[in-house]
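At position 314 of the sequence shown (counting the first as 1) the number is 314 in the UniProt record's numbering, and the numbers step up by one without a gap.
Some hints here could point you the wrong way.
EDC-like mimics (lysine to aspartate or glutamate), calculated; alpha carbons at most 20 Å apart, straight line [stated by the list, open to error]:
1) LYS19 / GLU308
2) LYS162 / ASP259
3) LYS19 / GLU199
4) LYS162 / GLU308
5) LYS162 / ASP213
6) LYS19 / ASP35
7) LYS162 / ASP36
8) LYS19 / ASP232
9) LYS162 / GLU216
10) LYS19 / GLU161
11) LYS162 / GLU323
12) LYS19 / ASP36
13) LYS19 / GLU312
14) LYS162 / ASP41
Quick list of the computed label-pair ranges, beta carbon to beta carbon [what the hints assert, rightly or not]:
15) GLU287 / PRO350: 39 to 45 Å
16) ALA109 / ARG367: 17 to 23 Å
17) ARG3 / LYS162: 29 to 35 Å
Think of the hints as simulated: they come from the structure by calculation, not from any bench. Cβ atoms here follow ideal geometry from the backbone N, Cα and C, with glycine treated the same way.
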Amino acid sequence: MTRLTLDDVYEHVSGVCFKTGPPGQVGAETEWFVDDRRSPDARVTIGRLRTVMDAAGPLPAGSRVTYEPGGQLELSSRPQRGVAAAHAALAADLAHVGDHLAREGLALAGRGTDPRRLRAPFFQLDEGRYRCMRAYFGEPGLAMMCATASLQVCLDIGADEKDAARRWRLAHALGPVLVAAFANSPGNGTRSARQVIWEGLDRGRTAPVIGPDPVEAWARYALDARVMLLRDGWVPDPGMTFREWLTGAAGRGRPDLTDFAYHLTTLFPPVRPQGWLELRMIDALPEPYWPVPIAVVGALIDDPLAAEIAAEATEPAADRWREAAREGLGDPVLARAARRCFEAACDALPRIGAQALVPLVDGYAERYVRRGRCPADDEPLDGTPGGATVPAGKEEPRWT
């Protein structure tokens with residue numbers, strides 16, 4: 001084993017996590033709860049989903065199907081050249097999946113949390129990584145793994161170091177606006193219970209990455225984060241930061257580069273660099289609105305004029321993560337920023353070849369953003385995460 005050095009860490013972060021090149025590729029990862037239409041109180045197991053998806057065969061546009069610990073189904077698109085292509089590919093794959101699920105009485109449900117799973121989490125993936133995550137995060141982690149769903153937008157790092165730094169800053173500045181505008185998990189007086197759950201986890205691996213130099217900021221963040229697990233024997237929480245492991249101060253030997261690369265996969269900030277920028281702060285949305293975040297983020301970061309407008313619009317709102325999760329666009333600072341960002345995105349979409357998405361984005365803006373509302377405002381904030389109550393005396397859902 002080659003002993004890892006601090007220089008190796010920075011070289012990996014610079015050359016892999018922030019690998020630059022001509023921007024323009026767009027992808028998305030969409031997580032969905034799956035409901036049983038014939039038996040609404042039933043929960044759908046991963047085993048049942050695997051049977052359906054195996055019968056469905058390869059997806060037409062090549063998206064990858066995976067499963068989250070609570071039974072959520074995730075479709076991860078291939079990188080596509082631009083927003084329009086990303087939307088078309090993912091729409092084709094979702095239609096294929098939806099058709100096969102419907103034959104079994106099942107349906108995809110786009111929401112940020114599931115109140116039944118929050119009440120009675122059902123941990124289904126008995127794998128080393130997820131067992132360690134459960135032990136590390138405790139009960140809040142069980143809620144995160146089993147009862148939340150998001151839509152993640154993925155964009156290129158940037159053309160060069162200067163462009164990468166600009167896109168990195170803008171992605172972070174947009175974060176609170178995206179949380180607020182797409183909040184879709186009401187509960188306990190909040191608009192995005194999903195975001196609140198994430199805020200309640202280890203902030204050393206879930207807080208935004210702070211610092212003007214992306215490489216320095218991400219390297220420092222990773223080094224100072226606690227090691228979640230050791231893969232040799234799947235040991236959870238060995239009680240050290242990665243920096244302590246690297247220097248040998250923890251008394252557990254020294255890591256190699258594969259250990260560092262794996263450690264990075266256990267960090268979950270709202271913007272994560274993986275050779276591309278992964279924006280992780282958006283609640284899952286239902287039909288027809290799931291393409292809207294992809295269109296808005298792609299337009300605001302990839303179009304130069306829209307990016308300039310968005311950078312100015314989000315400056316007063318860039319630190320309002322808590323307000324975004326709790327108030328949504330009821331927060332006036334976030335509401336003003338969101339209106340300007342959506343207007344800029346609608347104007348930019350034709351310039352980036354996504355004219356066909358303008359009516360959908362504009363329709364979303366009219367229903368929600370211009371009125372200072374988000375999807376969570378469609379449901380009563382009744383104290384139950386997910387905007388629904390579990391009637392007293394009702395037996396827990398069946399698993400099928």
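These are the hints, each one checked on the structure:
no.: 1; hint: LYS19 / GLU308; in the structure: violated, 23 Å
no.: 2; hint: LYS162 / ASP259; in the structure: violated, 29 Å
no.: 3; hint: LYS19 / GLU199; in the structure: violated, 29 Å
no.: 4; hint: LYS162 / GLU308; in the structure: holds, 15 Å
no.: 5; hint: LYS162 / ASP213; in the structure: holds, 10 Å
no.: 6; hint: LYS19 / ASP35; in the structure: violated, 39 Å
no.: 7; hint: LYS162 / ASP36; in the structure: violated, 49 Å
no.: 8; hint: LYS19 / ASP232; in the structure: violated, 29 Å
no.: 9; hint: LYS162 / GLU216; in the structure: holds, 14 Å
no.: 10; hint: LYS19 / GLU161; in the structure: holds, 9 Å
no.: 11; hint: LYS162 / GLU323; in the structure: violated, 31 Å
no.: 12; hint: LYS19 / ASP36; in the structure: violated, 43 Å
no.: 13; hint: LYS19 / GLU312; in the structure: violated, 27 Å
no.: 14; hint: LYS162 / ASP41; in the structure: violated, 52 Å
no.: 15; hint: GLU287 / PRO350: 39 to 45 Å; in the structure: violated, 24 Å
no.: 16; hint: ALA109 / ARG367: 17 to 23 Å; in the structure: holds, 19 Å
no.: 17; hint: ARG3 / LYS162: 29 to 35 Å; in the structure: holds, 34 Å
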